[in-house]
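*Asks:* One line per chain: the protein sequences are A and B, in this order.
FYI, the numbering for the first sequence is 1 to 552, going by our numbering.
FYI, the numbering for the second sequence is 1 to 166, going by our numbering.
These are computed hints drawn from the structure, not numbers from a lab.
Heads up, a few of these hints could be off.
[Stated by the list, open to error] Listed next, with one range per pair, are the computed distances between beta-carbon atoms:
(1) A/D24 <-> B/P2: 25 to 33 Å
(2) A/N245 <-> B/D72: 32 to 40 Å
(3) A/N192 <-> B/E20: 50 to 58 Å
(4) B/R164 <-> A/N245: 38 to 46 Å
[Unchecked claim] Far from chain B, by Cβ distances over 12 Å, these chain A residues were calculated:
(5) E193
(6) Q215
(7) F368
(8) D476
(9) K477
[What the hints assert, rightly or not] Result set (DSS-like, lysine-lysine): computed pairs, CA atoms no more than 30 Å apart in a straight line:
(10) B/K6 <-> A/K30
(11) A/K300 <-> A/K331
(12) B/K40 <-> A/K246
(13) B/K3 <-> A/K30
(14) A/K266 <-> B/K105
Cβ coordinates follow ideal geometry from the N, Cα and C atoms, glycine included.
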Amino acid sequence: MYQYDDYDHRMLADRVAQFRDQTDRFMAGKLSDTEFLPLRLQNGLYIQRLAPMLRVAIPYGLLSSTQLRKLAFIARHYDKGYGHFTTRQNIQFNWPALEEVPDILAHLAEVEMHAIQTSGNCIRNTTTDQFAGVAVDELEDSRPYCEIIRQWSSFHPEFAYLPRKFKIAVCGTSVDQAATQVHDIGIYLVQNEDSEIGFQILAGGGLGRTPVIGQVVFDFVEKKHLLTALEAILRVYNRYGRRDNKYKARIKILVKETGIDEFRNKVHIEWERIKNGPQTLTEAEIERCKSFFVDPSYLKKEDNPEELVEALQSDVLFNSWYEQNVKPHKKSGYAIVTACLKETGIAPGDITDTQLDYIATLADEFSFGEVRVTHHQNVVFADVEQSKLFSFWHKLKEQSLAAMNLGLLTDMICCPGGDFCALANAKSIPIAESIQREFEDIEELKVIGDLRINISGCMNACGHHHVGNIGILGVDKKGEEFYQVSLGGSSRHAASLGKIIGPAFAQEEIPGVVRQIVTVYQAHKQAGEEFLDTYQRIGMDPFKEKIYAKAD
Amino acid sequence: MPKLIKNGEIVQDSWTVLREATGPEVLKAVPGKNFIVPLKFWQLYREDLEDYLGEIALWLDSNENVNDIDADIQQFPLIALNFPVFSDGRSYTNARELRELLNYKGEVRAIGDVLRDQLFYMARCGFDAFEIRHDQDEEACLSAFNDFDNAYQGAIDNPNPLFRRR
Numbered sequence: 001m002y003q004y005d006d007y008d009h010r011m012l013a014d015r016v017a018q019f020r021d022q023t024d025r026f027m028a029g030k031l032s033d034t035e036f037l038p039l040r041l042q043n044g045l046y047i048q049r050l051a052p053m054l055r056v057a058i059p060y061g062l063l064s065s066t067q068l069r070k071l072a073f074i075a076r077h078y079d080k081g082y083g084h085f086t087t088r089q090n091i092q093f094n095w096p097a098l099e100e101v102p103d104i105l106a107h108l109a110e111v112e113m114h115a116i117q118t119s120g121n122c123i124r125n126t127t128t129d130q131f132a133g134v135a136v137d138e139l140e141d142s143r144p145y146c147e148i149i150r151q152w153s154s155f156h157p158e159f160a161y162l163p164r165k166f167k168i169a170v171c172g173t174s175v176d177q178a179a180t181q182v183h184d185i186g187i188y189l190v191q192n193e194d195s196e197i198g199f200q201i202l203a204g205g206g207l208g209r210t211p212v213i214g215q216v217v218f219d220f221v222e223k224k225h226l227l228t229a230l231e232a233i234l235r236v237y238n239r240y241g242r243r244d245n246k247y248k249a250r251i252k253i254l255v256k257e258t259g260i261d262e263f264r265n266k267v268h269i270e271w272e273r274i275k276n277g278p279q280t281l282t283e284a285e286i287e288r289c290k291s292f293f294v295d296p297s298y299l300k301k302e303d304n305p306e307e308l309v310e311a312l313q314s315d316v317l318f319n320s321w322y323e324q325n326v327k328p329h330k331k332s333g334y335a336i337v338t339a340c341l342k343e344t345g346i347a348p349g350d351i352t353d354t355q356l357d358y359i360a361t362l363a364d365e366f367s368f369g370e371v372r373v374t375h376h377q378n379v380v381f382a383d384v385e386q387s388k389l390f391s392f393w394h395k396l397k398e399q400s401l402a403a404m405n406l407g408l409l410t411d412m413i414c415c416p417g418g419d420f421c422a423l424a425n426a427k428s429i430p431i432a433e434s435i436q437r438e439f440e441d442i443e444e445l446k447v448i449g450d451l452r453i454n455i456s457g458c459m460n461a462c463g464h465h466h467v468g469n470i471g472i473l474g475v476d477k478k479g480e481e482f483y484q485v486s487l488g489g490s491s492r493h494a495a496s497l498g499k500i501i502g503p504a505f506a507q508e509e510i511p512g513v514v515r516q517i518v519t520v521y522q523a524h525k526q527a528g529e530e531f532l533d534t535y536q537r538i539g540m541d542p543f544k545e546k547i548y549a550k551a552d
Numbered sequence: 001m002p003k004l005i006k007n008g009e010i011v012q013d014s015w016t017v018l019r020e021a022t023g024p025e026v027l028k029a030v031p032g033k034n035f036i037v038p039l040k041f042w043q044l045y046r047e048d049l050e051d052y053l054g055e056i057a058l059w060l061d062s063n064e065n066v067n068d069i070d071a072d073i074q075q076f077p078l079i080a081l082n083f084p085v086f087s088d089g090r091s092y093t094n095a096r097e098l099r100e101l102l103n104y105k106g107e108v109r110a111i112g113d114v115l116r117d118q119l120f121y122m123a124r125c126g127f128d129a130f131e132i133r134h135d136q137d138e139e140a141c142l143s144a145f146n147d148f149d150n151a152y153q154g155a156i157d158n159p160n161p162l163f164r165r166r
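Build the full structure now, drawing on both the sequences and the hints.
*Replies:* Below is the structure:
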């Protein structure tokens, strides 16, 4: 992974000192709430329902065992012993004291971590596919480009006070696991007719109140022009994005109101002016960043070793977990393992200090000392030897990390919701739990197959409900919590937004509604179909009829 | 008297910002002063202003675009860019384009809601004069320009990004 040099360390130290001074001035009453607000947000600090919340960036999802241990330490000393993996490859701590935040940032800086621009109207943490660098279907590793973007966007002087938040995702794999098309800027590594690899750049995607799928602004950008292309988009957005209405301030609204052709035109005019300028990437810089993401020292191994084959035959539970949680690796003899954090009764994404420490130990022993976190709020061990999978699985079980529902109905994306978040209209964690209790039989879940349920506690859509196959949105109706259900969303390459099925439901009705949706799906399912295929073939009506017929 | 920072110190200001102006007669009333007038005002009355005895400079609000100044901008000794509220970031882009694209050599002044914690980024984007809000601590403001020792991106203060220097 990327290693800081003296420049990186110094810049981070300057940032911590700057925020310490700002916090001191705020505590001394020299800085008003309004003036402190964007400063603390751009250092990851929210004032939440119960206490402050600190959102720490995990750049493009990558964590070393040293960093995991530091996160465990922070959870233990400054929080109540746990953290929460978010839907954008960050980790949140829910209970730090305001005056201790600069100390936490100093601790993070020791292990090359930070909370820079994890909130506020600026360029946020850049995210990517959690299988970057090990996926079998990868055109090129996206992480060097994520790091280039991280550095370019950190402390960018022109874009610290944008109309609204700005999220960038990069994807180099053919199965898009990064929800690239619902980002303010989505970047795909692509190959042109001359077999040269460059970038296709989309803009104007996003979830929230008005979900939109991004549109192509650059068909093909040579690698060296990446930053000037991004800068051109950002400059057009900074200048023309709406500032009169917070809900219309995202770039998606600008693209929509301007029209994609005119928007693209504006960006290209701007780009022509700065293209080939000093921000043009050098071959040396691309090579330097790539050098941090070379393969670890893999051993020469065969696929499907005897130990694995035997264990799969002799242990049904292991077999079941393997089918769901283990994915093919580009290197023979290795596997990608996703530890699913969605055990029933545990809030999706929550992780204890003990588990964090334990994951660090397992990473050192089994996966070259690194893990990745996913926007599905799970943890990936990217480089596990197939011959050690059985013992690895046993070790995962010891700390409740071996849930075998990965990618299944109960592996939900869920925001913290009304239990924690000041913005939420409704709770979301208890909804997730009630669905998990309705579907506890793993064999049944496997028969149902890949089905994504995403839950958000409000319109801001941190739980990505628009792109869930089944989306659940908490709404407030005259002070009471209700839940709107939508069908047909997806964040993959053929991205689609869900459609609302009908009037909202009370909290206790939700597990039953999900059950009925599943029943309709199973009744109509044809061989080889996943939920989304069936839904697209039969449409909304059969679901609607079943669910609302009962209510009449 | 507003406080002005220039070249790393608090200086006396010889300019008056004309915030609102109806017609050129407001200038006639005080001949020989140096005025920073709104872009629209100058566009409307540029001929009337030609025989004005003092110096004339422009200010643009955040929703205006420096590329729309339809004249030789080098004739103005300074161009001021307004921050109606500190969290409105459009003037950063205007400052940068004044320097980078229009190659403007005069003074670029930040006016309006100009606060200590934004000065470092403003300076990077090409501002070289800062009319700080009346309640701002002068010493604290002067120290703001040293918040960071270095920067990743190229900007006006140093066009070369760190990757060309490391």
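*Asks:* All the hints need checking, so say for each whether the structure fits it.
*Replies:* So, going through the hints one by one against the coordinates:
Between A/D24 and B/P2 the beta carbon distance is about 27 Å. The supplied range of 25 to 33 Å therefore holds. Restraint check, A/N245 to B/D72: a C-beta distance of roughly 37 Å satisfies the suggested window 32 to 40 Å. In this structure, A/N192 and B/E20 meet the distance hint of 50 to 58 Å, their C-beta atoms being roughly 54 Å apart. As the Cβ distance of B/R164 to A/N245 is approximately 40 Å, the hint placing it in 38 to 46 Å holds.
Distance check on A/E193: its Cβ is at least 29 Å (rounded) from any Cβ of chain B, clearing the 12 Å threshold; non-interface status holds. In this structure A/Q215 is separated from chain B by more than 12 Å, as the shortest Cβ-Cβ distance comes to about 23 Å. In this structure A/F368 is separated from chain B by more than 12 Å, as the shortest Cβ-Cβ distance comes to about 27 Å. Non-interface call for A/D476 relative to chain B: holds, since the shortest CB-CB distance, roughly 28 Å, exceeds 12 Å.
The Cβ of A/K477 sits about 33 Å from the closest Cβ of chain B, beyond the 12 Å cut-off, so the non-interface label holds. In summary, the hint linking B/K6 to A/K30 is supported, as the alpha carbons are separated by about 24 Å, within the 30 Å threshold. Under the criterion of a C-alpha separation no larger than 30 Å, the hint pairing A/K300 with A/K331 is consistent with the structure, at around 9 Å. Taking the CA atoms of B/K40 and A/K246, the gap is near 28 Å; set against the 30 Å cutoff, the hint holds.
Distance check on the hinted pair: B/K3 and A/K30 sit about 18 Å apart at the alpha-carbon level, within 30 Å; holds. The hinted pair formed by A/K266 and B/K105 meets the criterion: a straight-line CA distance of about 26 Å does not exceed 30 Å.
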